[in-house]
Each structure stands twice: as structure tokens, then as C-alpha cells.
Amino acid sequence: MDEAVVAADVTKRYGETVALDGVDLSVADGEVFGLIGPNGAGKTTLVRALTGTTAVDGEIAVEGNAPTAVDPDRIGLLPQSFSPPARLTARELIDYYGGLYETARETDEILSTVGLAEDADSYYETLSGGQQRRVCVGIALVNDPDVLFLDEPTTGIDPAGRRSLWSVLETLADGGTTILLTSHSMAEVQRLSDRVGLLQAGRLVAVGTPAELIDTHGGGSRLVIDTDAADAAADALAAEGFDATAEPTSIIVEGVSPVDIGDAVAVLSAADIAYDSLTWAEPSLEDVYLQLTGETFEGAGARGAAATATAAADSTTTAVVDGDSATQAEQATQEGRQ
Amino acid sequence: MSRAQRIRAEATAAWHSFLRRRTAVFFTFFFPVLLVVIFGVLVRTQPTDGGLFAEPAGYYLPGYLATVVLFTPLSRVGSEIARHRDDNRFEKLATTPLTRVEWLLAHTVVNVAIIGLASLLILGLVLLLTDAAVPPLSGLVLLIPFIVSAVVLFCGFGALLGRLADTQDGVIAASNTIALPLLFLSDTFITLEQLPAWFGPLVALSPLTYFARGVRAVTYAPGDPYATELAVLAVLAVAFFVAGAYAIPRTD
Numbered sequence: 001m002d003e004a005v006v007a008a009d010v011t012k013r014y015g016e017t018v019a020l021d022g023v024d025l026s027v028a029d030g031e032v033f034g035l036i037g038p039n040g041a042g043k044t045t046l047v048r049a050l051t052g053t054t055a056v057d058g059e060i061a062v063e064g065n066a067p068t069a070v071d072p073d074r075i076g077l078l079p080q081s082f083s084p085p086a087r088l089t090a091r092e093l094i095d096y097y098g099g100l101y102e103t104a105r106e107t108d109e110i111l112s113t114v115g116l117a118e119d120a121d122s123y124y125e126t127l128s129g130g131q132q133r134r135v136c137v138g139i140a141l142v143n144d145p146d147v148l149f150l151d152e153p154t155t156g157i158d159p160a161g162r163r164s165l166w167s168v169l170e171t172l173a174d175g176g177t178t179i180l181l182t183s184h185s186m187a188e189v190q191r192l193s194d195r196v197g198l199l200q201a202g203r204l205v206a207v208g209t210p211a212e213l214i215d216t217h218g219g220g221s222r223l224v225i226d227t228d229a230a231d232a233a234a235d236a237l238a239a240e241g242f243d244a245t246a247e248p249t250s251i252i253v254e255g256v257s258p259v260d261i262g263d264a265v266a267v268l269s270a271a272d273i274a275y276d277s278l279t280w281a282e283p284s285l286e287d288v289y290l291q292l293t294g295e296t297f298e299g300a301g302a303r304g305a306a307a308t309a310t311a312a313a314d315s316t317t318t319a320v321v322d323g324d325s326a327t328q329a330e331q332a333t334q335e336g337r338q
Numbered sequence: 339m340s341r342a343q344r345i346r347a348e349a350t351a352a353w354h355s356f357l358r359r360r361t362a363v364f365f366t367f368f369f370p371v372l373l374v375v376i377f378g379v380l381v382r383t384q385p386t387d388g389g390l391f392a393e394p395a396g397y398y399l400p401g402y403l404a405t406v407v408l409f410t411p412l413s414r415v416g417s418e419i420a421r422h423r424d425d426n427r428f429e430k431l432a433t434t435p436l437t438r439v440e441w442l443l444a445h446t447v448v449n450v451a452i453i454g455l456a457s458l459l460i461l462g463l464v465l466l467l468t469d470a471a472v473p474p475l476s477g478l479v480l481l482i483p484f485i486v487s488a489v490v491l492f493c494g495f496g497a498l499l500g501r502l503a504d505t506q507d508g509v510i511a512a513s514n515t516i517a518l519p520l521l522f523l524s525d526t527f528i529t530l531e532q533l534p535a536w537f538g539p540l541v542a543l544s545p546l547t548y549f550a551r552g553v554r555a556v557t558y559a560p561g562d563p564y565a566t567e568l569a570v571l572a573v574l575a576v577a578f579f580v581a582g583a584y585a586i587p588r589t590d
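Those protein sequence lines, which keep their order, are chains A and B. First residue of the first sequence? That's 1 in the numbering used here, and the numbers climb one at a time after it. First residue of the second sequence? That's 339 in the numbering used here, and the numbers climb one at a time after it.
Bound-form chain B, shown alone:
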């Protein structure tokens, strides 16, 4: 049995498990819809009034995408690890040929699929419900490596959280505590100009910043450089994935 087949077996089980948790499926897709409806339709952007949402609608597409790219893998992978630990599944898996890297890769693939679908939904809603312009085709294609890299990164981060938190409740609490500030302080919904000057360098420490800036460059401001953002994101993705795989429990 090849590595690919083991990963497929794990990913298939994880995919079916996800699809059959209807509440999880509903809220995974409802959450970004809610955000787009609240901020894109109800609040709407106010380009001339200053304050929050003062930029054109297309500016905030990276922010909407960031919600699923950030929250979903953090909570899903973290909770899955806590659930596996509670049910002694890692103890069982440790005696099979499946490695920790393969386990995380399988669950990352599932998250890429889920978040890819959610991203398509967000993109469609933003274009449908706001006056955002349709990104160029090249920008849409370049969205793929950004989304994949970010999902890999935050799956690794989720694995670290799952290792550190004792319970599923702990994972959810920790992921919300980490994700919420990251979401708003990563050049997504709040521009750098709206933050104190001293805070600017801290924004650069958030991995999500490179996602937001890169996605904005390819979808909202074609011509802006994005290679550096993608490269940083890819390097961080590899680093977090390796750290996350290593953090997955194998023994007690």
C-alpha cells in the first residue's frame, strides 16, 4: 500500500466524517455567508466617510476569504486532534503504517477542499451582493496557491493547538482567542492607517498579513507585487506543517 493510498484512506474517512456532521457543514459555510451579508450588504462600504469599511468593496475580499482560511483549519484540525486523543485513535494509528505527516496531509487535503468550496461561495457572494469588480482571470488562478498555502499553514497551526490544548473545548477557545485578533490585525478589514504607527511592524508578524496583501494584489490591485507575499506564505506553510506534524501525539 503506497503512501498515497494511505493518505487517501485517511482523507476519505475524514471527508465522510465531516460531510455527515450536518451542523459542522452548515456553519462552515454559513459563517462566511453571514460575514459577507453583514458587512458587504448591511454595513456596506463607505468610501468617502472614513472609518471602518471606508475602502471599496473589492478591497475586503481578502478579509472575507481570511475568515475561512483562518478559522476553519484552526478549529477543525485542533478539534480533530483533541477528538482523536480522547478516543485513543492516535494510539491505534501509531501501530499502523500511517505516519504523522501523512495524517496531517490527509486532513489538510480535506480542509483545502472544504475551504476551496467556501472560498468559491464567498467570491460569488461578494461579486453578487456588492459592487466589487470581477478579478482578472490571472488573479483568480493565483488565488489558488494563496489559499492552499494559507490552509496548509493554519492546519499546521491547528495541529499545534490540538497538541497544546487538553480538550476540544480548549481547542475552540484557544483558536478563537488567537484567530480573532489575527483576523482584524492582519491588513484584512482594518487598514494600517487606522492603527497606531507603533503597531505597524507587529502586523508584519502575522502570517495572515501575507495572505491578505497577496490576495489583494492579485484580485483587487492587479500589478501590485505579490511574489514576496506568496513566498513568505509558502515558507511559513512548510514550517508550520512540519511543526504541526511533529506535534501530533503518538504516545501518551
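Excised from the complex, chain A in its bound form:
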């Protein structure tokens, strides 16, 4: 497969600050590549380098050309914090940016694609934050680009709008458009990306498919039990072979499959330990992110909270039960075994 984007040993310095430190990257034709990393990691600088809007050391090729020499009709860009003229309507903005290209998609088609057909004649400044961002995505699509760079495309968009835009991007990807997107939404990157790269302090510290990264860096599934008797609970579970760690008001049990939940509940019942809730979650890209960046949430039970939050975003991998329902959970688990 041909490479749509290639970066080799890309380095960018702002005085003493190293924004990009020898980044090597390749994105294949038709691939969706997600770039994640903490604020200040260099994501936006890398997008700027790839689109030729900042000068860097190293080699970059987009569609086989230097970024500043690539045919502008073939690339699309949504810069971070981009805001077009506020007193033009959505339709006028699409017309305006479309008018800058050799060939442009039909304005109505784009408005429909980004879900703004009904608000096409509203001024940009009167649209909601999510609608404004959709206009911006529409602007990035006006020339039907082969390679699309999206720097935090869904920032400020409500969940429904975000999922709507995800569908837009998935349709583009299905049509063969190469997409490089940055995001702080792990759910977004996990859903959209064929491969993910994690930037940390200007270095690309991990690259792989979401599944590969999760397998390598995400850890196992975990069960978080909220209880005031964390130490006693951890001891009881450890005695039965569980990998349990006590936090001040909870226990984190690593490597627990759904069918093991009932066993853990049985151990607690046998030890007469009360608990408030059980939360089970599979590892996700957010766990990879936290693991590789070294970031943690403050306070007790932090990792469990992170896992829960992540899984909640996916809405398919979390199970939460309160203490009163635990017996039902145990029964259900045992029934599941049978």
C-alpha cells in the first residue's frame, strides 16, 4: 500500500523548547490515523509540519511531495481553534472556501453531510458551538481532499453531534480518504482510527492499532469494589488468588473476567465484608494513554475511576452493580457458567 504521509526524523524547536523530537511517522493511503497525547505534546505542531504551515527539520512527504509543494486541491485541513468569518452564513462559508479551489463539492451536499442543511442560512456566530465546529469540518471537506488533516475536529461538540461527525468521517474513510486526526477523546480515536500514535513530549512513543496498543499497554480487565473495609477485602480476595490492591475506599482487582465477578462477590460475602458497588471494565485506549503518559487522576481509587470513565464512554464494556444487587450478579454469573 502506498504511503500518503511520511515523516522522518521531524524535529521542531521553539528556542529552548523542543516541540517535536525526531518523529517518524507513516500513514498509508486510505488509512485513518489518530494522534493522541497530552496538551503540549506536539500534536498541533506535527499537524502544522505535515501541512507545511510551520518549518521543521527532517523529511516530510504528503502524497509524494513536500508539504508546501503538494497540490492544495488534494489536501484538506481543519486547524485547531479555527474560526471563520463570523458574520457569514454556513452556506456562504462553504461557498467562500469552495471558491478558492479548482473544483469544489456542491455546497448543499456538504451542508447535508455535516448535518447543517436546516441551519444553512444562519450566521456562523449565531450557531451553537457544535454547529460551528460542523461548519468548520464542512469547510475542510469542500475540495473533496485525498488527505484530510483534522486537529481536534470534535472539540466542543455535544455527544450526538460528535457521533454524527464520526459517521461523516467513517463515510469519508470508507470512500478511501486518508485521515489524520488529533483528539483528546479516546473513544473517538478508538472508534475511528485504523492506527493510533501517542505523542509524549514531542516523541512518538507508541504506534499501533487500538487493539495492539490495548493488548500491549492497557493491562487486563479490572473490577473496582467500593468499600470502607478495603484492606480486609483485599486480604480476603488475595487469599483466594485474586490480584487485589487496596485503595483508601476501594479495592482494584486486576485481570477479572466477567465470569469471575461472582467468585469475588462470594469471597466478600463469606468474609462478611460490606461494599457499596462493583464496577467492572475492560481496558481501553484511555488506559493505554494513562499508562504511557504517566498521567493519573488525583485521589483514591484513581485507576478504577479512569477505567470506569473510559468504559462508560464506550458504553459497552462496563458493568456497575450496587451492593444490594451483588447477589443477583453472583447468581447471574453462575447461571452464565451453567
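Any given hint could turn out to be false.
What the hints assert, rightly or not - What follows is a set of in silico ranges between Cβ atoms, one per label pair, in the way DEER data are often shown:
{"id": "1", "chain 1": "B", "residue 1": "507", "chain 2": "A", "residue 2": "14", "range": "21 to 27 Å"}
{"id": "2", "chain 1": "A", "residue 1": "108", "chain 2": "B", "residue 2": "340", "range": "41 to 47 Å"}
{"id": "3", "chain 1": "A", "residue 1": "122", "chain 2": "B", "residue 2": "342", "range": "26 to 32 Å"}
{"id": "4", "chain 1": "A", "residue 1": "112", "chain 2": "B", "residue 2": "435", "range": "23 to 29 Å"}
{"id": "5", "chain 1": "A", "residue 1": "26", "chain 2": "B", "residue 2": "364", "range": "37 to 43 Å"}
{"id": "6", "chain 1": "A", "residue 1": "108", "chain 2": "B", "residue 2": "364", "range": "33 to 39 Å"}
{"id": "7", "chain 1": "A", "residue 1": "125", "chain 2": "B", "residue 2": "368", "range": "19 to 25 Å"}
In case anyone wonders, no lab produced these hints; they're calculated from the structure. Don't be surprised by glycine CBs; every beta carbon is placed ideally from N, CA and C.
Go by the hints and put chain B onto chain A.
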């Protein structure tokens, strides 16, 4: 898509953006009206008393026109560049076929239209409210290249200011600081005789001087030479336009 069509797309967006900022539209046209009313009607010219406004009313037409030719492009283009930079629009435009020259040309065209209308308004008010004589038709026609050249020049100057100033506030402050002395020390409202002798050569350094002298020659003193003033203005216009286009940010 041809270059002309790209410029038209940019100019159309800029024109609509301007028209829909009602405050900007109001003050763009109210400012020169205010000047004409204050100086032409309230203060009035005093041909026999000496001091400021001692010349006949028609003498000051170049000064009134200079206010819009100078202030409007400086502040509009400078602010537009600052706004584009704040909103990352240049980063977006850098990935489109639109060039920096085309961008500045489009915004210059819009400024020519705005300032052309404001100039017509000033001309009408000066003729209506003061005892200035109607310039000859040839003089009115020759006003066009003078106004266009000056607008191009100061659009380029505005682009330079926009590049150098960090913020929109900075652009406004810088443009006022530069424009105000230029307005009064460019043979517009203050004659050379009212200035110290040593200051005379400095007046020749102001681009606005050539606008004022040329416009005065074609509207107030027919027969006076104007070709040199127009030529200097045109050369400066090209130089400032090129410098301004080059100064427009494309990268960080």
C-alpha cells in the same frame, strides 16, 4: 478555478463581513462626515485671518479625503490580519490555492470600494456644506487613480502593521499613532508655511503628501502639475503592496 475567481471569492466574503458589521460601516462613513461638519461647517475657513484653515474651503478637500484614504485601510487591513491570525485562518488559507498576493488584492479591492463610496460622500458634503467650487470633470476623473493608488499603498502599509502588531488592539493603536501625524504633516490641513523651515523636507517623506498635493492640483488648482505626484504615489503603492503581501503570515 482562475486567480480572478479566487480573488472574487475572498473579496465577496470580506465585503459581506464588512457590511454586516454595522458599527464598522457606520463609523467608516460617519468619521469623515464628522470631520467635514466640524472643520468645514463649524470652524469654517478664515481666508484673511491666518492660522489654521486660512485657505479657501476647496484647499482642504485633499485633507478630508486623506482621512479615509489613510485611516480606513490601515486599520481595516491591519485588524483583519490580526483577526485572521487569532482565528488560525491563515493556517487554513495556506493549504488552499489562494496566495498572499491574491488575499491582499481581494481586501484591497474591498477597501477601494468602501473608500470610493466614502470619498464620494466627502466630496458631496464639501460641495454641499462649504463654499468650495465644483472641481472640473477632468479633475474628478483624475481623483480615481489618486484614490486607488493611495488605498493600495495604505493597504500594503496596513498589512505590514498587521504583521508587526501582536493583537487587534495593537494594530489600532499603531495605526492611530502613525496615521495621526501623517494626516496633519502631509500638506493636507497644515500648509508648509505654518511649519518650521527645517521640517519641510520631512513632509516630502510622507506618502500622503503626494496624494494631497496631487489631489489638490486636479481638484483645486487646475493647471498645476500632478503627474509627478501620481507617479510617486503609484510607485510607492506597488512597493508597499508587495511588501505587505510578503508580510502576510503564512506559517507560525
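How the hints compare with the structure:
1. Checking the proposed 21 to 27 Å range against residue 507(B) and residue 14(A) shows it holds: the Cβ atoms sit about 24 Å from each other.
2. The supplied range of 41 to 47 Å is broken by residue 108(A) and residue 340(B), whose beta-carbon atoms lie about 24 Å from each other.
3. In this structure, residue 122(A) and residue 342(B) meet the distance hint of 26 to 32 Å, their C-beta atoms being roughly 30 Å apart.
4. The hinted window of 23 to 29 Å between residue 112(A) and residue 435(B) holds, with their beta carbons roughly 25 Å apart.
5. The given range of 37 to 43 Å is broken by residue 26(A) and residue 364(B), whose C-beta atoms sit roughly 55 Å from each other.
6. Range check, residue 108(A) to residue 364(B): about 35 Å between beta-carbon atoms, so the 33 to 39 Å window is met.
7. For the hinted restraint 19 to 25 Å between residue 125(A) and residue 368(B), the CB-CB distance of approximately 24 Å keeps it satisfied.
Of the hints listed earlier, those the structure fails to meet are numbers 2 and 5, in rising order.
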